[in-house]
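Colleague: Residues per chain are reported as follows:
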Amino acid sequence: MDGMIKLTFNGQEIEVKKGTLLIEAAKVAGAELPHFCYHPKLKYDANCRMCIVEIAKIPKLQTACSTVAAEGMVVRSDIPRVQEAQNGVMAFILGNHPLDCPECDQGGECQLQDFAHRHSPTVGNFGEEKRVFEKEYFGPLIEKEMNRCVSCLRCVRYCDEVIDSNALGSIDRGSITEIGGFSHHPLDCEFCGGCIQICPVGALTSRASMYDYRTWQVKKTNTICTYCGDGCQLSLETIDDNVIRVSSELGIGRNEGDLCARGFFGYDFVNHKERLIRPQVLQKGRRMEVTWEWALNKAAVELKAIKEKYGPEAIGGIISSHCTNEEIYLFQKLMREVIGTPHVDSGARYGYINAARALSSVFGTTRLARYEDIVNADLILSFAGDMAETNPICAIKIKEAVRKKGARLIAIDSYNSGRDTYKSHLPHIAHRHLEVKMGTEGWVILGLLKVLDQKTSCGPLPSFETIERESGIGEAALREVAGLYAGAQRGVLILGRAITRNQNGYQNVLNLADLAIAAGQVGKDGAGILALAEENNELGAVEMGGVSEYLPGLIPAKAGGKTLVEMIDAAERGEIKALYIIGENPVRSLPQKKVKEAFQNLHLLICQELFLTETAELSDIVFSAVSFAEKDGRYTNQEGEIQKVRKAIEPVGGSKPDWMIFSLLADKLGSPFHYKNTDEIWKEVVLNMPPSWPALSKGAIASSVTSYMKRERKIIIPSDDSPPLQGGVRGGHLFDFQVGQSLYHSGKLSTYASGLNTIISKEAVFIHPDDAEPLGLVEGEIVNISLPVGAIQAPVAFSKRISRGTLFFPEHFSLEIKKGLPLTIDPSTHVPYGDRGVVTLSKISVAVSTKNLTIS
Amino acid sequence: MKLRVLSNQAKEAICAEFPKYPTKRSVLLPALWIAQDECGYLSEPAMMDIADLLDLTPVQVYDVATFYYMYHLKPVGKFHIQVCKTLSCGLVGANALIAYIQKRLEIRVGETTQDGLFSLKLVECLAACGSGPMMQINEDYYEHLTNQKVDQILDDLKRLGRSNLATSRFRLPMAI
Ligand code: SF4
Ligand code: SF4
Ligand code: SF4
Ligand code: FES
Ligand code: FES
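If you read the sequences in order, they're chains A and B.
Sequential numbering of the first sequence, starting at 1, is according to the numbering used here.
Sequential numbering of the second sequence, starting at 1, is according to the numbering used here.
Quick caveat, the hints were computed from the structure, so don't treat them as lab data.
Even for Gly, the Cβ is constructed at its ideal location relative to N, Cα and C.
A few chain A residues that don't get close to chain B, going by computed Cβ distances all over 12 angstroms:
1. Ile14
2. Ala31
3. Glu54
4. Gln111
5. Glu136
6. Ser235
7. Ile277
8. Val290
9. Glu468
10. Ala570
11. Lys596
12. Met660
13. Tyr675
14. Ile782
15. Gln793
Output of the computed footprint for chain B on chain A, the stretches with three or more beta carbons under 8 angstroms from beta carbons of chain B:
16. 167-173
17. 178-184
Bound conformation, chain A alone (with noise of 0.2 angstroms):
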């Protein structure tokens, strides 16, 4: 066959593709090669000799992990020649090792214990001392342990080639190397967990599970994260009904087997103590815990009266992207057909509803591109500045696209290309790098699309000049870029919530997908589109009917269902009497709207939540609800891949699954559902389906562009007086804002999360330290900042990525900021938009409590 080789190892013919390592090849012949440095992830390094071969004709033995198998050669592994020289590599490694199995974490799935097993005589002939290394807390999350380690420097290697956070290093030489950090400072990393995974003993630990089990105890539950719509897979491991840990495998799931440090760290929320076991209901004035039959007679009584009174459309419902697709199409369909109201919606609305959309509107679907586009594209066009943050493992496949294969990555953001010490950011390894005054992403779309389709049928586009004005960016770096794009062979192009969250975003992605088609970078193998959607559900809440323009399978509803914000408006009026909640905090999420007010209008809130939010505490039900952990059914990731989410524990106390929650509901309201478990329920929404759906084919992608581009079609050129767009506000104290989301946190949900608190806890203001230095602040200092109304206290972080002119605020802890910064809706999607504006920044002089800054 072409492109195979034909090799003999211990005397078995053997055939591999060219270019496949002797280690690999090893394992088609049956063989697993000791190793310790080989990782298949990682660019192999050859340091520590023990996978050592006898290859015919070389007199020397040889490492397989760096030899390339080639036609014709002769390899034995089983001789005794080469057992008594990985022996005696082996006992090397062993010579400094402090054999304290019976007290490590890696106890039970260390390599060392395996090969060892396999390589060491009983007796060892080393009669000298130990180096001994105290054992040290490496920072808030990782425990260092480097009698252990076996200088392999795979954790060094993944820190690198894969996160590129670049934070660890090999200290010293000789038998005191050690792996540690710069000088004694501790550990301030991306903490993906990847150096602990990939350790392949118990030298680096997670010190948030430390000594809390056995290997062999744990019970291994694969499912998929809950976090970003990234869709990563891990396992939860759990002793009784608690989750102790977090893995993922090598080379699963569509993340391949990395994770960020939300799904490594951020899983403890899950038992955490404030959890809802019980429902609530609000008697006279005092919240009180009740039976689940209580609970559920008391809404389905107060929402048949509300539906008897007033109709079923005083009824609406919202459900959140974090929850699986049986549960929102279920939803739904309590909503709908059992109380019979269109007012359906999800978190989707807060952005993803743009993408999605737009995308199907113009392809027939949002399946545009996967994972692995993305690695084999020669150029990628991101407008996802924040891609490590918001989507780390969609930013890991642009790294390798980019670090291992070449690929051109084009940044087009508000972001600097600086990065931090130890932080990825995709800016600074963009080949080009468009920095664009805050929310004018649009106007540079506007502009490539000026430049790729002259005869555009979307009627008249503004001149350069207005371009470069309002963005930044000229002429001909526009003609470049977009030069580039059209110009690649494999061109896939990443929007994220600059995008989909910010102003015209609806529009903006109407403009991208027409510039995709200019480019000629849709329809053909390895190009394509891909919106990043920040809740891991998002795509799943609009193809299940969570949106109120869609019915399952985005099949058009009727019009006159309220989206998100018009249900609070119709609280507010009045007219709408009774909302169901299930997982979203609006109270939260939209500090402008007086939501409180809107609520406290209502005859009855019913909230199904986790925790007692904001929203929970104004409700007259709350149904205790479970957690990713706790249940099953799938999840849609942002690419499209339809992936299980399995039970790992019990329901915590009494809480239950928000499916059960809903056929309980639906029993009580005398329609009932009967479904026995998740799958009856997807059999029912496959059915439900579209033919075409999932995928659809690339003629069916043709035909529907070749009619979208029949369809008369307008560009919107973003209006001069939507705020955020006035990006030229710089210089003094006068800053452009932007509310967006951190690594290490995901909404509020993970600021329950102990081991993510300990990395970030508190809000702070990211300001670039080039501003901060004219305005003499110092890292740490609490700073003043107004805005036309309002103004907040917090202290002041430094960041290089940071746009200069533009402060930058994490989204997770105290959003009071937000009621101060103008709120506007796109007038075809109804998102809200209320994550920018304009603020003055300014010293104060007298000391804030930090009391203000823990979370709310």
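Given the coordinates of chain A, assemble chain B with the ligands onto it according to the supplied hints.
Modeller: Here is chain B with the ligands on its own, set in the frame of chain A:
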């Protein structure tokens, strides 16, 4: 970019090395030399400056700086004593000599005397294997050492700043 401790001259000297190497990272060894020459040792801010100049992280600089004995991570004394600890010298009494120097200066390997005059470090072979035990103090070699000779050398250095017992100077290998 603002430098923490390195002078602009040092920065220019480092940048002047760039064209000689394929990547910025390969300039690390010369950059460390230049910094050490200027500051006397490699302080944390000096290594951070180098990291910025070479587009590395500080730990990547530290990794290399700790690998080589000729880089000092702590301030060293006026006279930097480097005793060869490799095999040939070891066979003719390097260990006893090292013990003697420690006793005589009342410091341990890696330390500097209170008066800031002497610091003691062990190094690998300095290519004077035929005349061990030997040591290098600053740029000078001292060979065929005995305890008495060490006494004399240390006295000379303390009193005069130099010693006639020096046998030759350290030389970099040169291309022929
Ligand atoms: S970023 Fe931190 S946790 Fe991840 S591999 Fe590097 S040092 Fe380890
Ligand atoms: S800490 Fe683990 S991964 Fe890193 S060098 Fe040591 S043994 Fe290898
Ligand atoms: S938060 Fe996103 S990137 Fe991180 S592990 Fe979970 S799914 Fe993966
Ligand atoms: S695995 Fe081959 S040398 Fe380490
Ligand atoms: S062994 Fe001491 S100089 Fe070579």
